[in-house]
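Below are the chains, spelled out letter by letter.
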Amino acid sequence: MGAAEDQRVDRDLVEQAQRGDREAFAILARTHGDRLMAIAHRILRDVGRAEDAVQQTLVIAWRELPGLRDPDRFDAWLQRLLVNASYAEARRSRAWNANVRLLPADGPGGPDESLSLDNRDRLERGFRRLPPDQRAILVFTHYLGLAPTEIAERLGIPVGTVRSRLHYAHRAMRAAIEADERPVAVAGGRPR
Amino acid sequence: MTDQRELDRMLGAFFDEGADELADRVIDAALDEIDHTQQRRASRLPRRFSTMNTYSRLGAAAVIAALAVAGTLVVVQRGQPGVGGSGPTPVPSASPSQPASPSPSSFVGVTDEALVADLLAMWSTPYDAARVAALYAPTAVMYDKVANETMRGLEAIQAKSKAMEAVEGFEAVVTSAPIQQDRFVAHFLKFGNTAARSGRGLVVYELKDGKVQNEWVYDATSSTPVSSSTAKSDEALVADLAALAGNPYDAARVAALYAPNVVVRDLVSGKTQAGLAEFGAWIREANAQNFKQVVTSAPIRQDNFIAHFAKFGDTSVLSGRGLVVYELKDGKVLNQWVYPAP
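Sequence lines, in order, name chains X and E.
Sequential numbering from 1 applies to the first sequence in my numbering.
Sequential numbering from 1001 applies to the second sequence in my numbering.
In isolation and in its complexed conformation, chain E is listed as follows (with noise of 0.2 Å):
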């Protein structure tokens, strides 16, 4: 039988073994964070969280994930399909009071400036039905494809519009300017509550005879550190990127700008490649039928995550137009996803 004293004896010598220092570029990640995320006026900092006991918060947070969607909200979650394709967990969004929806002149491409800049602002605005009706169609189709639910015609968009109210301290600001190509407008935000529960996603907006016809919420949380440290501009990045499977396969190339793990799923083909072995196979293939990829928009970026319009070859392997997003790690792409808006 091991005393107490023996078991502590151990516990302490057990905890005496393990990392103590951390790491410059997680302190230079996390400042570098700061830089964009604003302070929490004292004032009118929440306390309700913060004296919740744990069952409390995690059924508050039970009800925002039910709430998800909305004006709208994603409660990110870890391995489900989306954007991110993994990973949730709160990181926090910036004040309420300093809504960061981009001015007009900061639009990338966009041709439909005065409806783009409401959909935008109502991100960072109390619910207003009249406001709802009037930016969505009445069919309209609302997809959180992290919480998986899907809002279908103006009434359940308005009803969960409503319900976000509820939320206590629930913010969203709009974190890059909005691209878009033909009839689709996407941009990244940031979402969150009081709790520190939040996330980060990319929103994906079907724009038709001056409505939304279609939105769809995608998660956008980075799966391992965020560094915004990248050897290259992104749209350097972007544009080798977008150039390798339109030349032929050259495995360092690859190499140089995917991780040896890397994941790439596209949804216009329905194919996921993993690793670069199956990658490379997958760009041969393409080299073979003569694909091109064009890029037509500027790329926005969250954190690790870049994203950016794109108009594929006319070819078996991939064709028609989609949305790109691309999670690095060390400057090289970890995750891939080709959604597509056509």
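With the rest of the complex left out, here is chain X (with noise of 0.2 Å):
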């Protein structure tokens, strides 16, 4: 099925759900709830509140729905409610959860082509260092690959608050990079 027909299917989907039919809205919610936790999880780091995003995401969809004025527009609107949750989620708990990996720099997997253990740790404490929001646009930036425009019109803010946020955050997980040079401790205690 090309996307065009995915899309179509989307719209119908779509407008049904907003007619009430849940088996239709069911359908949806399984056609987008991976996408929605790997988003979910980007941002907040940790599976349980990223399914709890999830779960109030769905259900706050299946409410507002009727509302949605452009139901090929579902997707996005879909991840801003997401965004909106995923910020929720992080105030609920404002002490984010500490459990960063460590792994000995020789590590069980080898040595990491791509990004190196070390690498790896320090962008993980730097990203938890970040505010939900710029966290999300790092997430939108790096994983989704948009654009600033994109996001901001996904996420209903002004492109200057989206380019303001990513600079700032670049600035934070570059530093997070730079800071730390020393090997990270491995034996037993929690990481700070």
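If you are wondering where the hints come from, they were derived from the structure by calculation, not from laboratory data.
Fair warning: there could be bad hints in the mix.
[Stated by the list, open to error] Straight-line Cα separation of at most 25 Å, SDA-like style, residue types lysine to any residue; simulated pairs:
hint, chain 1, residue 1, chain 2, residue 2
1, E, Lys1329, X, Ala88
2, E, Lys1329, X, Gly48
3, E, Lys1329, X, Ala26
4, E, Lys1145, X, Ala88
5, E, Lys1329, X, Arg91
6, E, Lys1208, E, Arg1321
7, E, Lys1332, E, Ala1310
8, E, Lys1332, X, Asp46
9, E, Lys1332, X, Gly48
10, E, Lys1329, X, Val47
11, E, Lys1329, E, Ala1236
12, E, Lys1329, E, Ile1034
13, E, Lys1332, X, Val47
14, E, Lys1329, X, Asp34
15, E, Lys1145, E, Lys1329
16, E, Lys1311, E, Leu1115
17, E, Lys1329, X, Arg30
18, E, Lys1145, X, Arg91
19, E, Lys1329, X, Asp46
20, E, Lys1211, E, Thr1125
21, E, Lys1329, X, Arg45
22, E, Lys1311, E, Glu1285
Owing to the predicted nature of the structure, the values given are computational and were not obtained by experimental measurement.
Using the hints, put the two chains back together into the complex; each one sits in its own frame.
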């Protein structure tokens, strides 16, 4: 099935769901669920919280769906709901989960050609220190591959805000990579 | 210095890793909740929040928090004491056009049916000062145990009820039949506003001379993904739970009913047990004193929360009457509260 056909099917399902068809909404939820989970998990860095955010998103989507004026915008609209739900999930627990993965330098997976383990841990720590709105911008930029104008439209914020958040997020991530050149402690204890 | 191109490459690799599949149980839980959720009518969909900026939205949320109670509302904050113990966050409530007050025929053991029906209906109808005055005693006190606010006296309750009228899109829906023990009546509800900022609560009224003398609103927002699937019916589960403390301690039986990290907050005795070991010690103590608990109402449910009234054995461990509330996770009790209802 081609992309155009997919979009037509989605549009039909969205219109049915807008009229209260729960079966149609269930199909939409299952179709879009994995994508929502992938985004939420990358923002929240925690499977449980990501699942909570996705569940909230689906329930809110069902309730608010009749107000969606353009069914073709369903995917983008759903992602906006997800980001808002992720913000709420983040606010709910201000202390971000500190279970940063620490592996020995010569870890079990062998050398990672694209990203060293040290750098991965530094990125993880740096990312967890970011506020949720900057996290979301990084995920939309580097995971979904969207341009600032597309992100602005999708999240309903000014493009200048997107660029500003992206700038600060990049600066923080760069600092996280460069600030800690010392080897990561492995023995037992929790990461700082 | 890490240049932008290198940073982009590293972030791309960083985000390549992560969960890519949503568990079926999450979708099932969402669909289960949707079965009980009314869609908002498009023509009535308020647009104000969708065009507000973050600060305005937070400000509006703060106003709602400040107005908590009155007709009444709870803005839930995870981690604060209350029936939920933890957990706030925005889950929508049903459409204001679909008040869900149970009909009198659905009442569970309620003897003041007309009064209770009026109280429940008040959640979904416009503020009416005379109506509030007819239902609440002049000295009535309303406790929002989540927002930690107290309204003392009819005028304070009326003022808050009236103020709620100014909160655009606020709505509350009664989601369970009321249950009763002596002068106490309880029911679950969902509440919220149009910004998808909402929550769930448990409301308890103490009635006297045909009016509300005291009212408590507790948080009942699930701290875990909502699932209605339990291995047993609510009635069977509640019976098993209630029987535990009245029978010789059986570790396997307790472990089958309670999560390892269960927290039991007993506001009657003022004691809290955290974890199966502490809870087991409490059960042994109760056993030694021939403690008994009798369930005195049908259980009512909202999402992962089950509540029922009970009477307790006259021992030094616990005695009197109370409202027992369980939060379930995967069919086991994750949190339990016992509130006095003397």
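We went through each hint and held it up to the structure:
| no. | hint | in the structure |
| --- | --- | --- |
| 1 | E/Lys1329 to X/Ala88 | holds, 21 Å |
| 2 | E/Lys1329 to X/Gly48 | holds, 13 Å |
| 3 | E/Lys1329 to X/Ala26 | holds, 23 Å |
| 4 | E/Lys1145 to X/Ala88 | holds, 22 Å |
| 5 | E/Lys1329 to X/Arg91 | holds, 22 Å |
| 6 | E/Lys1208 to E/Arg1321 | holds, 17 Å |
| 7 | E/Lys1332 to E/Ala1310 | holds, 20 Å |
| 8 | E/Lys1332 to X/Asp46 | holds, 23 Å |
| 9 | E/Lys1332 to X/Gly48 | holds, 18 Å |
| 10 | E/Lys1329 to X/Val47 | holds, 16 Å |
| 11 | E/Lys1329 to E/Ala1236 | holds, 16 Å |
| 12 | E/Lys1329 to E/Ile1034 | holds, 19 Å |
| 13 | E/Lys1332 to X/Val47 | holds, 21 Å |
| 14 | E/Lys1329 to X/Asp34 | holds, 23 Å |
| 15 | E/Lys1145 to E/Lys1329 | holds, 23 Å |
| 16 | E/Lys1311 to E/Leu1115 | holds, 24 Å |
| 17 | E/Lys1329 to X/Arg30 | holds, 23 Å |
| 18 | E/Lys1145 to X/Arg91 | holds, 21 Å |
| 19 | E/Lys1329 to X/Asp46 | holds, 18 Å |
| 20 | E/Lys1211 to E/Thr1125 | holds, 19 Å |
| 21 | E/Lys1329 to X/Arg45 | holds, 22 Å |
| 22 | E/Lys1311 to E/Glu1285 | holds, 18 Å |
Violation of the numbered hints given earlier is absent; every hint is satisfied by the structure.
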